[in-house]
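Peer 1: Okay, here's what each chain looks like letter by letter:
Protein chains: 2
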Amino acid sequence: MTQSPSIDRLSLNQITTDRWSLREAAEGCVRAGVPWISVWRHKIAEIGLSESKKIIQDSGLHVSSVCRGGMFPAATAAERQERIDDNKRAIEEAAELGTNVLVLVCGPSPDKDIAAARGMVNDGIEQLVPFAESHGVTLGIEPLHPMYAADRSVVNTLGQANRMAENYTPNQVGVVVDVFHVWWDPNVYQDIQRARGRIVGFHVSDWVVPMPDMFKGRGMMGDGVIELRKLRTAVEEAGYYGPIEVEIINQAIWDTQGDEVLATMKDRYIEHV
Amino acid sequence: MTQSPSIDRLSLNQITTDRWSLREAAEGCVRAGVPWISVWRHKIAEIGLSESKKIIQDSGLHVSSVCRGGMFPAATAAERQERIDDNKRAIEEAAELGTNVLVLVCGPSPDKDIAAARGMVNDGIEQLVPFAESHGVTLGIEPLHPMYAADRSVVNTLGQANRMAENYTPNQVGVVVDVFHVWWDPNVYQDIQRARGRIVGFHVSDWVVPMPDMFKGRGMMGDGVIELRKLRTAVEEAGYYGPIEVEIINQAIWDTQGDEVLATMKDRYIEHV
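Heads up: the protein sequence lines correspond to chains A and B, in order.
Position in the first sequence (first residue = 1) + 856 = the working numbering.
Position in the second sequence (first residue = 1) + 856 = the working numbering.
Please keep in mind that the hints were generated in silico from the structure rather than gathered at the bench.
A portion of the hints provided could be inaccurate.
What the hints assert, rightly or not - Capping the alpha-carbon separation at 27 Å, the derived lysine-lysine pairs in DSSO-like fashion look like this:
1) Lys1122(B) to Lys1072(B)
2) Lys1122(B) to Lys968(A)
3) Lys899(A) to Lys944(A)
4) Lys899(A) to Lys909(A)
5) Lys1086(B) to Lys1122(B)
6) Lys1122(B) to Lys1072(A)
7) Lys1072(B) to Lys1086(B)
8) Lys1072(A) to Lys1122(A)
9) Lys1086(A) to Lys968(B)
10) Lys1086(B) to Lys968(A)
11) Lys1072(B) to Lys1072(A)
12) Lys1072(B) to Lys899(B)
13) Lys1072(A) to Lys968(A)
14) Lys910(B) to Lys944(B)
15) Lys944(A) to Lys909(A)
16) Lys1086(A) to Lys1072(A)
17) Lys968(A) to Lys1072(B)
18) Lys1072(A) to Lys899(A)
19) Lys968(B) to Lys1122(A)
To be verified - Partial pick of chain A residues on the chain B-facing surface, computed with a CB cut under 10 Å:
20) Tyr1004
21) Ala1005
22) Asn1012
23) Trp1039
24) Trp1063
25) Val1065
26) Pro1066
Stated by the list, open to error - Chain A regions said to be covered by chain B (calculated; three or more residues, Cβ under 8 Å):
27) 945-953
28) 965-976
Glycine included, each C-beta is placed from N, C-alpha and C at the ideal position.
Taking the hints into account, I'd like the entire structure generated from these sequences.
Peer 2: What follows is the structure, encoded as structure tokens:
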């Protein structure tokens, strides 16, 4: 049996404790001995970038990624340019916070033409790459589950994300493997292999039945059906030994005291990931 | 602009008016001038097969399919054999009702090992094919949306269904294209082309945002984001000119008077499909 992953790789994706400010989350990670954190932009916005940077530096935590850029498709060229400009700010934030990964949630289509929206995603990434590269930031395309194809992202399989990323060097554009989004895919293991050298993030949670909510319904690792260890082993076989983010969007977990959430996620990480 | 499909191809999938018995549904179709019906097995079970057959024959309706066989994966060999036996009864029902299509909803996994469950689906189909063929019934593998991978079916893309079906002749095993399940797939148009000669059903509804319920949340055609006409044109270009089933699982539509549902679905079929 494959061993548990080292606690040195554990990262709190900040959305898991969404009620915590960045300072509270950083202090919580330090108390729990969680060495990494993934920072969300709405938390940076609450206190500003320089204060955020100071909190991270004082805490001694490493930043596994900034969540999130993307959201490229829009009805007008002006709106699409605004999205590009906002992505540039996200890249600057990632660089300032000392991570080389900006997670891209690529966005939904403004109308029924999903193929056109996918083209807008490609165009947006192409525009961003030089800016990201000059800041030492890799754009990590995160495919979202197909049930979010209408309202969150038109990038819905790892195979699709791979094809998009392969237009660039691995330092420019990579992929983020989130088990919640990809576990069901009959091609997932071959697509993880194909992503060798390009995986810039690995996110864990679980898929519970019945799902309490299509958005805020992810489960704690071990509570659902996902073969977490098999997927973790697969990304390692594809060369990824970086941080493992626990990213759980779940109202009941948000309503639980943060320290308790971190204690549980540490246990489950050791037992199930 | 592509024209509307002929009303001669319109089929009421009986789950759309789930409160109606088979007799009520048949009479409703006749009143509305809907020439086809897809019959569900729980409706046959209410009154028996011979009575069901008489209702269909008296109505003059054509049966586009019987829903549904499948549900192959199970924890024990004995349970899997029970599923095979039940599928054989479904094949007999399809043949008796005068349709050559049994829709397969292949079933969820009994445990976390989704690859093993997919193997059980392949094994089940292999066991059924000779019996189905001897009854003149084609097994139609319907891939279900990935959000149902844990609780309804481990067959989740048209590409996967194609690969499974291609082990057999098109008369033995085909695929059913339901827009709700496949619309999001970046490969859907190439997989429809690949299914040429093997498509044995085309189901329409719509994907609405926000979805009121993960199971009972499908929309009426035109109320959502699916490019219905583009998909209909694609299946025609792949050689399918058979019946088009309206299959909407939606509590609000179930709570609407059946004649009203049929009137709306006829209008929407002409306008959007």
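Peer 1: All hints, please: hold or fail.
Peer 2: Okay, the hints, checked on the actual structure:
Simply put, Lys1122(B) and Lys1072(B) have alpha-carbon atoms about 21 Å apart, close enough for the 27 Å limit, and the pair holds. Annotation: proposed proximity of Lys1122(B) to Lys968(A) holds, straight-line Cα distance about 22 Å (limit 27 Å). For the hint linking Lys899(A) to Lys944(A), the alpha-carbon distance of about 17 Å falls within 27 Å, and the restraint holds. At most 27 Å may separate the alpha-carbon atoms for a hinted pair to count; Lys899(A) and Lys909(A) meet this at roughly 12 Å.
Of the pairs offered as hints, the one joining Lys1086(B) and Lys1122(B) holds, with about 18 Å between alpha carbons and a cut-off of 27 Å not exceeded. Restraint check for Lys1122(B) and Lys1072(A): the C-alpha separation of about 36 Å exceeds 27 Å, so the hint is violated. As the CA atoms of Lys1072(B) and Lys1086(B) are separated by approximately 25 Å, the hinted pair is consistent with the 27 Å bound. For the hint linking Lys1072(A) to Lys1122(A), the alpha-carbon distance of about 21 Å falls within 27 Å, and the restraint holds.
Proximity of Lys1086(A) to Lys968(B) is assessed by CA-CA distance (about 11 Å); at most 27 Å being required, the pair is judged to hold. A C-alpha spacing of about 11 Å is found between Lys1086(B) and Lys968(A), which places the hinted pair at or below 27 Å, so the restraint holds. Only pairs whose Cα atoms come within 27 Å are accepted, and Lys1072(B) paired with Lys1072(A) is accepted, the gap being roughly 19 Å. Between Lys1072(B) and Lys899(B), the direct Cα distance comes to roughly 18 Å. Compliance with the 27 Å bound is thereby established for this hinted pair.
A hinted pair counts as satisfied when its Cα atoms are at most 27 Å apart, and Lys1072(A) with Lys968(A) qualifies at roughly 25 Å. For the hint linking Lys910(B) to Lys944(B), the alpha-carbon distance of about 21 Å falls within 27 Å, and the restraint holds. This hinted pair checks out: Lys944(A) and Lys909(A) have alpha carbons roughly 17 Å apart, not beyond 27 Å. The suggested pairing of Lys1086(A) with Lys1072(A) holds, with an alpha-carbon distance near 25 Å, which does not exceed 27 Å.
A distance of roughly 22 Å separates the Cα atoms of Lys968(A) and Lys1072(B); the hinted pair therefore holds under the 27 Å criterion. Distance hint between Lys1072(A) and Lys899(A) is fulfilled; the C-alpha atoms sit about 18 Å from each other, no more than 27 Å. Between Lys968(B) and Lys1122(A) the CA atoms are separated by roughly 22 Å; this keeps the pair inside 27 Å, and the hint holds. With its C-beta approaching chain B no nearer than about 9 Å, Tyr1004(A) sits inside the 10 Å limit, and its interface hint holds.
For Ala1005(A), the interface hint holds, since its Cβ comes within 10 Å of a Cβ in chain B; the closest pair sits about 4 Å apart. With its C-beta approaching chain B no nearer than about 6 Å, Asn1012(A) sits inside the 10 Å limit, and its interface hint holds. For Trp1039(A), the interface hint holds, since its Cβ comes within 10 Å of a Cβ in chain B; the closest pair sits about 8 Å apart. Against a cut-off of 10 Å between C-beta atoms, the interface hint on Trp1063(A) holds, since the closest Cβ of chain B lies about 6 Å away.
Of the supplied interface hints, the one on Val1065(A) holds, with its beta-carbon coming within about 5 Å of a beta-carbon of chain B, less than 10 Å. Against a cut-off of 10 Å between C-beta atoms, the interface hint on Pro1066(A) holds, since the closest Cβ of chain B lies about 8 Å away. Under a criterion of three residues with beta carbons nearer than 8 Å to beta carbons of chain B, the stated coverage of the stretch 945-953 of chain A fails, only 0 such residues being counted. Counting residues of the stretch 965-976 of chain A whose beta carbon lies closer than 8 Å to any beta carbon of chain B gives 5, which reaches the threshold of three, so the coverage claim holds.
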